[in-house]
Each structure stands twice: as C-alpha cells, then as structure tokens.
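Since chain Y is already given, all that's left is putting chain F on it; use the hints.
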Amino acid sequence: MAELRTEEFLVNMGPHHPSTHGVCRLILTMDGEKVVAIEPVIGYLHRAIEKICENRTYPQCTPLMDRFEYVTAMATEHVYALAVEKLAGLEVPERAEYLRVIMVELNRIASHLIFWGVTAMDVGAYTPFLYGLREREDIMDLFEITCGQRLTYNYIRIGGVSKDIPPEFVPKCREFVKMMWSKFSDYEGLLNGNPIFLGRMKDIGVLTPEAAIAYGASGPVLRASGVKYDVRRNDPYSVYDKFDFEIPTQPNGDCYDRFIQRLDEMKESLKIIEQALDNLPEGDIKCKVKPKLKPPEGEVYSRIESARGEMGVYIRSDGTTKPMRVKLRGSSYNHLMLVPEISTDVLIADVVAIFATLDIIMPEVDR
Amino acid sequence: MDLISHIKNLLLGLGIAGKHLGRHAITIQYPEQRYDIPEGSRGIVVLLSDKETGELNCTACELCMRACPTAAIRIDSHRDENKRKVLDQFIVDNALCCFCGLCEEACNFSALKMATKYEFSTLDKDDLTWDVKKLQEVGLDVDYVDTRKKKKPKPAKPVSDKQASTEPAAPAKDNTETAAEEKPPVADETVADKPADTATEAADTPVAEPQPQPATDVTTPTEPTEEKPPPSPEAPTETPVEKAIPKTEDKKEGDQTDASA
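Protein sequences appear in the order of chains Y and F. For the first sequence, the working numbering begins at 1 and goes up steadily by one. For the second sequence, the working numbering begins at 1 and goes up steadily by one.
Derived by calculation from the structure, the hints in this document are not laboratory data. Among the hints, erroneous ones may be present.
To be verified - Simulated pairs of lysine-lysine, DSSO-like, Cα-Cα distance not exceeding 27 Å:
{"id": "1", "chain 1": "Y", "residue 1": "Lys163", "chain 2": "Y", "residue 2": "Lys288"}
{"id": "2", "chain 1": "F", "residue 1": "Lys51", "chain 2": "Y", "residue 2": "Lys267"}
{"id": "3", "chain 1": "Y", "residue 1": "Lys327", "chain 2": "Y", "residue 2": "Lys292"}
{"id": "4", "chain 1": "Y", "residue 1": "Lys86", "chain 2": "Y", "residue 2": "Lys163"}
{"id": "5", "chain 1": "F", "residue 1": "Lys51", "chain 2": "Y", "residue 2": "Lys163"}
{"id": "6", "chain 1": "Y", "residue 1": "Lys172", "chain 2": "Y", "residue 2": "Lys242"}
{"id": "7", "chain 1": "F", "residue 1": "Lys8", "chain 2": "Y", "residue 2": "Lys202"}
{"id": "8", "chain 1": "Y", "residue 1": "Lys163", "chain 2": "Y", "residue 2": "Lys34"}
{"id": "9", "chain 1": "Y", "residue 1": "Lys172", "chain 2": "F", "residue 2": "Lys8"}
{"id": "10", "chain 1": "Y", "residue 1": "Lys172", "chain 2": "F", "residue 2": "Lys51"}
{"id": "11", "chain 1": "F", "residue 1": "Lys51", "chain 2": "Y", "residue 2": "Lys183"}
{"id": "12", "chain 1": "Y", "residue 1": "Lys178", "chain 2": "F", "residue 2": "Lys19"}
{"id": "13", "chain 1": "Y", "residue 1": "Lys172", "chain 2": "Y", "residue 2": "Lys286"}
{"id": "14", "chain 1": "Y", "residue 1": "Lys267", "chain 2": "Y", "residue 2": "Lys228"}
{"id": "15", "chain 1": "Y", "residue 1": "Lys286", "chain 2": "Y", "residue 2": "Lys271"}
{"id": "16", "chain 1": "F", "residue 1": "Lys117", "chain 2": "Y", "residue 2": "Lys163"}
{"id": "17", "chain 1": "F", "residue 1": "Lys8", "chain 2": "Y", "residue 2": "Lys183"}
{"id": "18", "chain 1": "F", "residue 1": "Lys133", "chain 2": "F", "residue 2": "Lys117"}
{"id": "19", "chain 1": "Y", "residue 1": "Lys242", "chain 2": "Y", "residue 2": "Lys228"}
{"id": "20", "chain 1": "Y", "residue 1": "Lys267", "chain 2": "F", "residue 2": "Lys19"}
{"id": "21", "chain 1": "Y", "residue 1": "Lys163", "chain 2": "Y", "residue 2": "Lys183"}
One chain only, chain Y, in its complex shape:
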C-alpha cells in the first residue's frame, strides 16, 4: 500500500461570498480543517473615486464621498468638508457643527446596528439582523425628512449643511433616542449570553494591543483590544470637545469583545445626540461660500472618527476650482490586513466571524 501523504490545499472564499460584505476574495491555505494562511485579494470594487475627484469641482466631490464609505456616508462627507474648510479657511456656524454631529452620530448608530445584525447573522443568529434593520429604518426616516435621501445624503457641505432640520426633527429624534435606550436590554439579552454564540466568538481572533497599533487599527477594533484611543477625544474636531461621553474599551480583543464594543459605543453616541439636541444653538446653517470655490495653494489632512475607525482625507490644492490630488484613508483597509494576522490556527467558520467583527466594508478598502 502506498504511503499516505498529506499536503496543504487552497480554498477560495469569495469574491461573491455572503460573509465577505461586498466583493472580497480570501485565498485560504488549509491544513486539514485549520487555516494556515490567508491572502486577501482586493480591488473588485475599485471605482477610482480619488481620481474622479480630480476632475470635479470641490462641491461636486461631495456626492462621490457618499460612495466611499456608504454605511457611514455622513462621516465621509464630514471629513471631506472639514478638509476643504481648513484649506479654504472657512468658519462654519456653530449650529451647522451641531447638526453635523447629530447626523454623524445617528449614522454611527445606524452603522453599528448593521454591524450588530450582520455579525450575528454571519455566525448563525438571524433575529438580530431583523431587529437591527428595523431600528436603522427610523434613522433613515430621520435623514430623509432632513436631507431628502436615505443612503447617499449629500447633506454635509463645504461651509455647513445643505438644509436646516425641519421642525418635526427634534421631537422625532428625541423619540428615537428614547426608543433606542429601551432596546439595549433586548439587544444584550438576545445574544450576549447565548452559549452557542459565546462558543463562536470567545477567544477567537484575539488581537493584541501591540499588533493593533502596529497595523494601524483604529476605532472600535482598537478599543476592543484595550487601547483607549478615539479621534473625537484625542484630537477633537468640530464641536466634540463640548460633549461629555465615555470611551468604552474591552479587555481581551477577541471577536466577542469587538461585538460588545459596538453595543457600548451606540450608548455613547446616544449620549452625544441627547446633549447636542439640548444645546442646539440657533443661527445660520451655512457660512458664505463662493459658488466658485478656489482654495489657496496648499495641502491639508483632516481626520475624524467614523463608525469603523479613523477616516482621513488628504487634499492638495493648486489654487484652481478642482483639487489636484485627493487621498482617502479608510480604516477598513488596515483592518482587512489584520485578517491574516489574527486568524492563524482557526477554522473557516472562525474566519467568517473574524471578518465580520472587524466590520470591514469593501468600498472603503477599494475606493
């Protein structure tokens, strides 16, 4: 009888796989049931947003930013607007900044609700997906009465916001915040102690703080590893220095901690929204911006804390109406590079959980 021989083999996951949240291809090198190595293949969603921006005027780039990271499109618009304002030296009215903060935080909750539902669905629990999207729908309604769109808002503009909130927005938003606070007991009871869920998430894909910092991780992924870093607190922009909120962290950095981290962050976002609604000042919603905006020559980098982590925009201006170079920094790219790092010696099913809890969305990786 011939001698038994074992060897590693390749498994192709994606590009069209339900758990890759977009079109990402993972080439898994398997040793039996165990994953030995992972190679992510990216570029399937490349739309050349950065290049297209060079052929658009500054205001015309805002709709493109919605497509960069569409789950938290408000944050993307915010960082772009901040960059151009810094470049052109524009002074944004305080009411506009408060409105921006409210919208970005609402959007952060919407994004985390999607994360919460989709991650649970990826590891086999379908119910949270329905509950999460149900609550997200209320946020989308709030956005729609404000700016007229449910996904690609084009709301946060250079110099302010496009429209003032309608009179019914504040009561509706307060109602939503109240409703949202009451939902957390459901959210936490549904899965957090479920033994099957714990078995899928606990001690899987442990990310050490050192590795997280080395790979440039940010946002909830970094904080779930115990590093207390938040751009809103460490490098305050907009009016975030006026709000009182905690930066939650988790001790272990495994999949479960990253899952819980988002639930905790939603609560902090709700606190910020409450304070912003209470202190919402009257006044203009947009400063005077020349329709033919020509920022002076120079370069600028602005960064904010989006739902996924640090998001940045680098703009180089040559003094014309169009940017000379736009570079976008999306945290999903760094987090995707973490997948090979933290998923050694795990099963394929664990790769799905790791990929899901890193909350990677592919348009942010490929732009």
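Just chain F now, kept in the frame of chain Y:
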C-alpha cells in the same frame, strides 16, 4: 452551574424573540401599500411650469448643467431674433443621475426640482433619458414654491442682482467664459424689453417667454426644429435620445482637459 446559566441565557433570548410573536409586522407590502415619501425627498428631476401660464420656468441659463457632477443634464438652446435664449431641449439622463440635488440648488428660477416621484423602472435603458416634453409632463402636478423675483418697478436692479448671484456658480472654467459672454445681452434684453413687454408675468423670465410654442404644441415633437432651423443647429430631431449620449460625453471631456491645463 455553567449549564444552568447557559440554559437561562438561551431562554432569555428566546423570550425576547417571543415577545415579537403577537406583534404586527412592520414590513410594507410594496405594490399594494406605499411608503409615505416626505416632502423634500429627492427623486426624479422634473421641469416645473409656471402656475398661471403653464410655460416652463426654465431660462436655459445652464447653471444646473454645470453644477451636475455626472453630466446627466444637457441643455440645447438658441437665440431668437431679440437675442433671447430659447430653450430647445432639456435632456436628463436618469441612468447617469446620482440624485445629489446640486442642480436643484443651482437653479435660481424654480425651473427644476427633484420631485418625490421614484417609480421609473423600465426594460429599455434608452427610456431613462427624458426629454423636455416628458420632464414637463411629469412635473405638472409637482407642487413648488416659486422663488423667482417678481415684477418690480425698476427691472434693472433685480437683473443685476440675479447676475451677481448666478454667474459665479459656474464651476467649470470654460463654461464661465461663455456665461460671461452670454449673460450681458440677456440682462440688457430684460431692461430694454420690460416697458414694452407688459404681457410678461415675471420680470426675471423673459427668456422663457418664447417657450410656449414648442412646449404647448407637444403633440408634434419635431415642430421646434421645423419652426426655427437657422439659429438652432442642435435643435431636437426625431431621436433626441441618441444625440444625448455623445453630447454629454463631449462636455465631460472638455471639462477634464480644462482641469489638466
């Protein structure tokens, strides 16, 4: 001990899901039930007509065309014997439109709006390119606030105001030059015409005035072409759809070369 807490947690989760058993579904059964679209929601671009006369408000100033990031709007116009701009064709390619609303904001004449309509699916991609006739027809029942400046004793003043506010809105360099050339005659027109032209309803829309002939005689789309062949070489032919696509691309390329220069 561990087992007991596990069972407890499982039951807790089941109980939470069970609470929803008797509740109504929040899903809307689409074709039968419809979601209530709030006012201000951005749907299809439509052209608005004057509430009294039924003429199009559009003055063919092309501000929306220049504001559009995806070059989804194309406007053809010519000048009549009084050197006024006359709108020949207004084409919106809904396949290119990204529903950002920049055209609506660029417009100073309440001429176009993103209506709350959204049902325009079709089996043929060419059907998504709408011409002026279709855009006006869809916009007829759209309510809007007329922000146009009304007739004033001294027409010279509002015209210069309008010019100051509209002209810098031009984003592309090459277009602005043409705008600078084109604008003054229009403005002079208004001043000169106003006293004689008592029949016009709004001070700022003299250029829209000659529109009724092509707009009301919509039953024959070829009529504008036959009516005034010399001044409008790009006037709509039998197939405006086919012409629309190469035209917009040309425009875009022009913009790009301008940027690199």
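Check your understanding: For the pair supplied as a hint, Y/Lys172 and F/Lys8, is the alpha-carbon distance within the 27 Å limit?
Key -> 36 Å, violated
Practice item. With a cut-off of 27 Å on the C-alpha distance, tell me whether Y/Lys242 and Y/Lys228 pass. Key: Holds, at roughly 19 Å.
Review point. Is F/Lys51 within 27 Å of Y/Lys183, Cα to Cα?
Key: 48 Å, violated
Check your understanding: Do the alpha carbons of F/Lys117 and Y/Lys163 lie within 27 Å of each other, as the hint requires?
Key -> 20 Å, holds
Check your understanding: For the pair supplied as a hint, Y/Lys267 and Y/Lys228, is the alpha-carbon distance within the 27 Å limit?
Key -> 17 Å, holds
Practice item. For the pair supplied as a hint, Y/Lys163 and Y/Lys288, confirm whether the alpha-carbon distance does not exceed 27 Å. Key: Given pair Y/Lys163, Y/Lys288 holds - Cα atoms ~14 Å apart, limit 27 Å.
Exercise for review: Would you mind confirming whether the straight-line C-alpha gap from Y/Lys163 to Y/Lys183 stays at or under 27 Å?
Suggested key: 30 Å, violated
Review point. For the pair supplied as a hint, F/Lys51 and Y/Lys267, is the alpha-carbon distance within the 27 Å limit?
Key: Violated, at roughly 49 Å.
Point to revise | Pair hint outcome, F/Lys8 versus Y/Lys183 [Cα-Cα no greater than 27 Å] | key: 20 Å, holds
Exercise for review: Decide if the proposed pair is consistent with the structure: F/Lys133 and F/Lys117, CA atoms, cutoff 27 Å inclusive.
Suggested key: Holds: F/Lys133 and F/Lys117 sit about 17 Å apart, inside 27 Å.
Check your understanding: Does F/Lys51 lie within 27 Å of Y/Lys172 when you go C-alpha to C-alpha?
Key -> The given pair, whose Cα atoms are some 34 Å apart, is violated under the 27 Å limit.
Review point. Do the alpha carbons of Y/Lys178 and F/Lys19 lie within 27 Å of each other, as the hint requires?
Key: Between Y/Lys178 and F/Lys19 the Cα gap is close to 19 Å, so the pair holds against 27 Å.
Of the numbered hints stated above, those contradicted by the structure are hints 2, 8, 9, 10, 11, 21, listed in ascending order.
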